Each structure stands twice: as C-alpha cells, then as structure tokens.
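The chain contents come next:
Protein chains: 2
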Amino acid sequence: MAQNMGEDGRFGLDRRTKLLGPVRLDSGVQFAPVEFAYETYGELNGDKSNAILICHALTGDQYVASTHPRTGKPGWWTRLVGEGKPVDPARHCIICINVLGSCMGSSGPASFDPGTGEPYAMDFPVITIADMVRAQAILLDHLGIERLACVIGGSMGGMQALTWASLFPDRVQSAIVIASTARHSAQNIAFHEVGRQAIMADPNWQGGNYYGSVDQPDAGLAVARMAAHITYLSEEGLTQKFGRQLQDRDTKTFGFDADFQVESYLRHQGLSFVERFDANSYLYITRAMDYYDLAEEHGGVLAKAFSGTRTRFCLVSFDSDWLYPTIESKRVVQALNAAGAAASFVELSSPFGHDAFLLEAPEMNRIIDGFLKAGGL
Amino acid sequence: MAQNMGEDGRFGLDRRTKLLGPVRLDSGVQFAPVEFAYETYGELNGDKSNAILICHALTGDQYVASTHPRTGKPGWWTRLVGEGKPVDPARHCIICINVLGSCMGSSGPASFDPGTGEPYAMDFPVITIADMVRAQAILLDHLGIERLACVIGGSMGGMQALTWASLFPDRVQSAIVIASTARHSAQNIAFHEVGRQAIMADPNWQGGNYYGSVDQPDAGLAVARMAAHITYLSEEGLTQKFGRQLQDRDTKTFGFDADFQVESYLRHQGLSFVERFDANSYLYITRAMDYYDLAEEHGGVLAKAFSGTRTRFCLVSFDSDWLYPTIESKRVVQALNAAGAAASFVELSSPFGHDAFLLEAPEMNRIIDGFLKAGGL
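Quick mapping for you: the protein sequence lines, in order, are chains R and C. First residue of the first sequence? That's 1 in full-length UniProt numbering, and the numbers climb one at a time after it. First residue of the second sequence? That's 1 in full-length UniProt numbering, and the numbers climb one at a time after it.
Wrong hints could be hidden among the right ones.
Any copy, or any two copies together, can satisfy a pair, since identical chains are not distinguished.
Stated by the list, open to error - Straight line, CA to CA, 25 Å or less: simulated DSS-like cross-link-like pairs of lysine-lysine: (1) K304 <-> K48; (2) K252 <-> K73; (3) K85 <-> K73; (4) K252 <-> K85; (5) K18 <-> K304; (6) K18 <-> K241; (7) K330 <-> K241; (8) K241 <-> K48; (9) K330 <-> K18.
The hints are simulated quantities; they were obtained by calculation from the structure and are not laboratory data. The structure displayed is predicted, hence computed values, not measured ones.
Whole structure, please, built from the sequences with the hints as guidance.
Laid out in structure tokens, this is it:
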C-alpha cells in the first residue's frame with residue numbers, strides 16, 4: 001500500500017476498488033461484488049502499526065481531509081485530521097472509507113447491479129452498522145492492514161468504532177467514540193422515520209426508481225434533512241445563532257416566505273443537501289442506524305459485546321447533544337468497565353449540540369491527541 | 001344567551017354564528033365577515049360572573065367536552081371539563097371557540113370567501129395569536145359576556161390566555177396557562193417550518209388550491225404531523241411506551257415497513273390526523289404561533305405586556321415538556337411578578353412531555369380546581 005500512496009502528490013487520492021467479497025450481511029444476503037471508495041493520507045509504517053481508520057457519519061463521506069468533489073468544500077474533519085493535527089498524515093496512515101449503502105462511490109442503492117445492469121435502487125439489500133464494518137474489514141484485508149492502531153468516529157462513525165471493537169477485538173488496538181451511542185432510541189427511530197416518510201411521500205421518489213429520471217425526490221429529501229438537522233443542533237445553539245431574528249428585513253411579511261433567519265437557514269440546509277446526497281442512500285443508512293443495538297445479540301447485556309476485549313477506549317460526549325445525550329455514552333462506559341476494558345470518558349461543554357464534534361473543539365482535539373499519544377501514536 | 005343554552009338537551013350544541021366584524025388583524029387587514037363555531041356548556045348566571053373561556057391548541061377544536069363530529073371521539077379535555085370536574089357546567093358557563101384560521105367551522109382558509117364564492121385558500125390573511133383573541137372578543141361581545149371569570153388554555157391555548165390578559169386586562173379576572181410560553185423559540189419555529197415545507201412540497205397541495213380536488217395534500221400533512229408529534233412526547237415517554245420493541249413480530253424484516261412499534265405509531269398519528277384537519281389551516285396556525293412573541297410590541301420587555309394588570313394568573317409546566325419547557329413558564333412568572341401581578345406557578349412531574357396536559361393529570365386538576373375556587377368559582 002505504501003508504495004501506491006501519495007505518488008501523484010494529491011492529498012487523499014480518491015481511491016476506488018472493487019472486491020469479490022462477499023460481505024455476509026446480517027439479513028443473510030451474501031453481497032458481492034463490493035465497490036469501495038476511500039481516501040488515504042500518510043504512509044503505513046514498516047511494522048504496520050500506525051493505521052487509523054476514520055468512520056464517517058450518516059451523511060458523511062470518505063473526504064475527511066480532502067476536498068469534496070461535488071461541493072468543492074474542504075474535508076469534513078480537517079480540524080482533527082491534517083498536518084500538525086492530532087491525526088497527522090506525517091505520523092499516521094489514515095484511511096476513511098465511504099460506508100456500504102452510501103452514495104460517494106462505495107456500493108449503495110445508486111450503484112449498478114451487475115446482475116441487471118441497472119441501479120440496485122430498492123433491490124439493494126437492507127444493511128446494518130455491522131455490515132458496514134464487515135465490508136470495511138474486507139477492504140483492509142485487501143490493503144494488507146491487519147490491525148488498526150485506532151478506529152475513530154463521531155455519531156454513526158462512533159457506532160462503527162464500537163462495532164469494530166466488538167466484532168474484531170483482535171484487530172482494534174484502540175477506539176475513539178464521539179457523540180455516539182450503543183443503540184438507537186425510540187426518539188432517534190421516530191425522527192428517522194419522519195425523514196423516510198418524507199422521501200417516500202414524494203411522488204418523484206417513484207418507489208426508488210428515480211435514477212435517470214428527470215424527476216428526483218429532492219423535495220422529500222430536503223424535508224428529511226431539515227427535520228434531521230434540527231436534531232443536530234441544540235435549542236440553546238439555535239437561540240444563540242438565530243433567536244427570533246427576521247430575515248433581511250425589519251418587519252414580518254405576513255406571508256409564508258422565510259421570515260425568520262432560522263427558516264431560511266433550514267431551507268438552505270435542505271436544498272444544499274440534495275445536491276450531494278442520494279435519497280435511497282438516506283433510507284438505507286437511517287435504517288441501518290435504527291437497527292443498531294449493540295447489546296441485542298448479547299441478550300441485552302451490553303458488556304457482553306465487549307467481553308475479553310483488550311481494546312483501549314476513549315469516549316467523548318457533549319452536554320448539549322440531545323440526539324445522543326451523555327447518558328448514552330455513560331451506558332457504554334459502564335458496559336466497558338463491566339467488561340474490564342480500559343475506558344476513559346469526558347463530557348465536554350458546548351452550545352452546539354450534536355454537531356459540536358464537527359466544529360472547532362480544541363478540548364476534543366486535546367483529548368484525542370493525548371489518547372493517541374498515550375497509545376504510542 | 002342563557003335561554004338558548006341546553007334547550008335541546010344536547011351537550012355542547014355545535015353553535016355557529018356569522019358576525020359582521022371586522023376583526024382588525026395585525027397584518028393591517030380588516031377581516032369581515034367572521035364565522036364562528038363554538039361549544040357552550042352550562043348557563044351564564046345572573047350577574048354574568050361565571051363565564052370560563054377555554055382556548056384550544058394548534059390542532060384542537062371547540063369540542064372540549066363534546067363528541068368530535070368527524071372522529072366520533074370524546075371531547076379533548078373531558079378530564080378537566082364536565083360534571084364533577086374542576087370546570088363544571090353545573091357551576092360555570094363554559095365557552096370554547098374554534099380559533100380563527102382553523103377548520104372546524106370558524107373562518108379559515110377552507111371557508112368560502114364571500115367576495116369570490118370560492119374557498120379563501122392562500123388568500124386567507126395571515127393571522128396572529130392576537131388576531132384569534134380579538135376575534136373571540138367579538139363573539140363574546142355578541143354573546144353579552146363582558147367579563148371572563150377565567151381564560152384557560154394549554155399550549156397554543158395558553159398563548160391565547162396570556163394574550164387575552166394582555167390585550168383585554170379589564171375583561172379577564174383570571175387566567176390559567178398550561179404547558180405554554182410567551183414566545184416561540186428558534187427551535188419551535190424550526191419544527192413548524194419543517195411541517196410547512198412538508199405540506200408545500202406535496203404536489204397535491206397545488207399552491208393551496210386543493211379544495212374540491214381529488215388530490216389532497218395528505219402525504220405532506222401526515223409528515224408534518226409526524227414531525228410535530230415527536231415534539232409532543234418526551235424521549236423518556238417514547239422509551240417507556242415503545243423502546244426498541246418490534247411491531248407484531250419477533251425479528252427485523254430487513255425492509256422499509258414499520259418494523260418498530262414507534263414507527264407504526266407515528267404513521268398512524270399522521271394518517272389519522274389528515275382525516276380531521278386541513279393542510280392550509282396547519283400552515284396558517286403554525287405561522288401564527290411562530291409570530292407569537294408577547295414581549296415584541298413592548299420593546300422586548302415581557303413585564304410591560306402585563307403592566308397594571310389585575311388578572312390573577314396560574315401557570316403549570318411539565319418537567320419532561322421540551323417543546324415549551326419549564327424555563328419558558330418561569331420567564332412568564334418573572335414578568336408577571338415584575339408587573340405586580342398575582343401569579344402562582346407549579347412544575348409538575350410527568351413522563352409524557354408536552355402532551356401531559358391532555359392526559360390524566362390529577363395534580364393539574366387539583367391545582368386548577370383550587371385556583372378557580374380561590375377566585376370564587
């Protein structure tokens with residue numbers, strides 16, 4: 001792998017590969033072949049002990065520290081990953097893989113089904129977080145990375161990090177789990193269901209067969225994104241940022257245009273999202289998250305998901321995150337303690353809700369830096 | 001009024017009247033004529049000192065203690081209003097008026113515009129909570145009720161109760177404000193905007209001109225209701241009621257049907273709502289709520305909205321209500337105290353979130369009963 005990395009001077013490299021697989025899915029399906037789109041930064045060292053896997057969130061992608069090809073925006077976690085940052089390509093071999101089911105190059109509902117030559121659409125199999133992780137393991141096998149020095153993820157990325165440690169305890173030296181949970185709550189499921197219903201209620205969704213059609217389910221996907229976006233922000237953060245401020249004018253219009261700044265902001269979030277994301281992928285990935293309950297296969301006892309683990313864990317939550325509140329991180333830490341695992345946990349203070357992990361968070365960076373260095377990274 | 005009441009033995013009476021008005025709206029429009037649909041229970045006493053106005057919430061109606069004509073369900077607040085209850089037709093003359101902008105008989109977007117002979121649809125003027133209250137005052141004038149012994153409301157009903165006391169201090173002897181607020185927050189506005197966008201994204205909405213059409217914006221309205229419904233329940237309540245329980249089966253389907261009970265419940269909430277509510281009314285009433293900020297006209301100083309008031313106030317909040325959390329009630333109480341008003345406040349404990357005020361709440365009933373009796377009611 002090292003000899004293929006960085007030769008053309010590009011940062012990230014926009015790597016693609018198709019592997020035979022199959023991925024054994026939780027549904028029983030043997031999914032094959034499997035396409036992977038991923039980014040790498042830095043070189044694998046001689047004893048292959050510096051590999052760090054970064055797992056992305058629901059609407060994230062592999063462009064953790066490189067420019068997004070569609071939006072032209074910088075990577076989504078450049079605050080954490082980059083030269084001189086806690087996760088540093090000068091020292092670490094960093095891999096970020098577009099998750100199974102997504103739409104940035106890895107196999108998902110928009111991918112072509114080799115059996116039909118058409119996009120899978122809703123014939124794509126329903127997947128789980130564990131399926132995403134098993135697929136990633138196949139790619140790492142291919143890359144010759146047997147052992148991960150660390151798996152790092154926020155939100156759904158944290159679910160993957162926990163699942164990595166649970167499914168492949170011998171391959172994960174340490175895991176950093178940020179603003180995440182070991183199970184989706186009824187309220188989490190409810191919000192996702194609203195989003196799915198918004199998409200499926202859009203006539204342009206066409207039962208999922210909108211690929212190649214002029215009519216795209218943009219309206220439904222935008223509404224789904226708007227609803228979800230509220231859950232990423234705190235009430236306090238929204239009040240600080242927008243309050244009841246009116247949009248570009250002094251008085252109310254007594255109409256249904258975006259009068260308040262918060263309305264305009266939300267509409268923009270919805271509209272810009274549909275430019276970069278696939279509606280069917282949104283259905284599949286939210287489903288995977290709703291199915292997520294790490295304790296389920298262990299009789300509801302979360303500690304058993306980590307029995308005998310030697311992985312070191314670091315958990316971080318944010319006090320204003322009401323999507324995956326601190327209590328969920330504490331549940332994980334208690335389970336890890338019960339399993340005899342080394343686990344550190346910090347709740348950070350932030351007004352920005354769930355989104356805090358993607359924003360400027362110097363304390364989070366210090367914690368991650370300290371944790372990685374304590375592990376010789 | 002007394003002689004017209006209860007003659008046919010029906011409880012409630014399904015009263016209708018059309019008044020010349022006009023209602024002077026905050027938008028500057030003089031709206032006329034004004035249709036009113038309302039229910040009354042009990043008789044106005046000789047000195048007209050026992051009139052209690054009950055104000056309903058966003059999707060509520062005048063059928064506070066009588067059977068809903070479309071759903072056949074009992075009144076929405078029979079736990080509080082009825083024989084032997086704190087608000088008792090044996091002692092009180094109880095009035096509940098369908099709010100301006102709604103769809104159960106009072107003037108709203110589905111009403112016929114006498115100027116065109118067609119439904120107003122989106123030509124209905126944008127209204128405010130104060131407009132609703134001013135319309136109610138016109139009806140009470142017509143009924144010969146000069147002074148209200150009490151105005152009672154929960155949620156948007158509480159906003160009306162506060163506005164009654166602010167706009168017509170001499171007409172309101174006491175006010176009971178439950179699970180409410182004196183202003184809509186950025187988060188409140190955001191959730192309403194998602195609902196409005198869901199409705200307006202539905203092609204069957206047809207710019208609001210769907211009346212008489214086969215195609216109704218049911219899908220959009222159902223999604224709006226689902227999103228709103230999550231805000232009426234607490235995370236704790238959803239977990240207690242549904243948790244991650246699967247729907248009528250033991251294992252996941254690995255599909256997009258309602259696998260979890262909470263999904264099935266939400267879908268039912270959405271579907272049953274469209275049977276009884278008008279999508280345009282939902283747009284107009286959510287807009288009125290978003291525009292609501294009682295302090296706005298008083299330079300942002302809420303106390304000034306109540307200066308010189310002699311109304312007695314009783315406020316109740318619920319600890320798990322995150323739509324209008326306790327802090328909002330406390331803000332109102334502080335303003336009332338600053339204005340020298342008599343105000344009592346209690347935060348009740350309940351796992352049921354905002355919806356708690358509509359559910360079995362013996363403590364709430366005791367508080368209301370005590371407050372009314374202390375006022376000679």
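Results for each hint:
no.	hint	in the structure
1	K304 <-> K48	neither (29 Å within a copy, 69 Å between copies)
2	K252 <-> K73	neither (34 Å within a copy, 38 Å between copies)
3	K85 <-> K73	within (19 Å within a copy, 61 Å between copies)
4	K252 <-> K85	neither (46 Å within a copy, 42 Å between copies)
5	K18 <-> K304	neither (34 Å within a copy, 68 Å between copies)
6	K18 <-> K241	neither (44 Å within a copy, 45 Å between copies)
7	K330 <-> K241	between (29 Å within a copy, 23 Å between copies)
8	K241 <-> K48	neither (45 Å within a copy, 49 Å between copies)
9	K330 <-> K18	neither (39 Å within a copy, 60 Å between copies)
Checked against the numbered hints given earlier, this structure breaks hints 1, 2, 4, 5, 6, 8 and 9; the rest are met.
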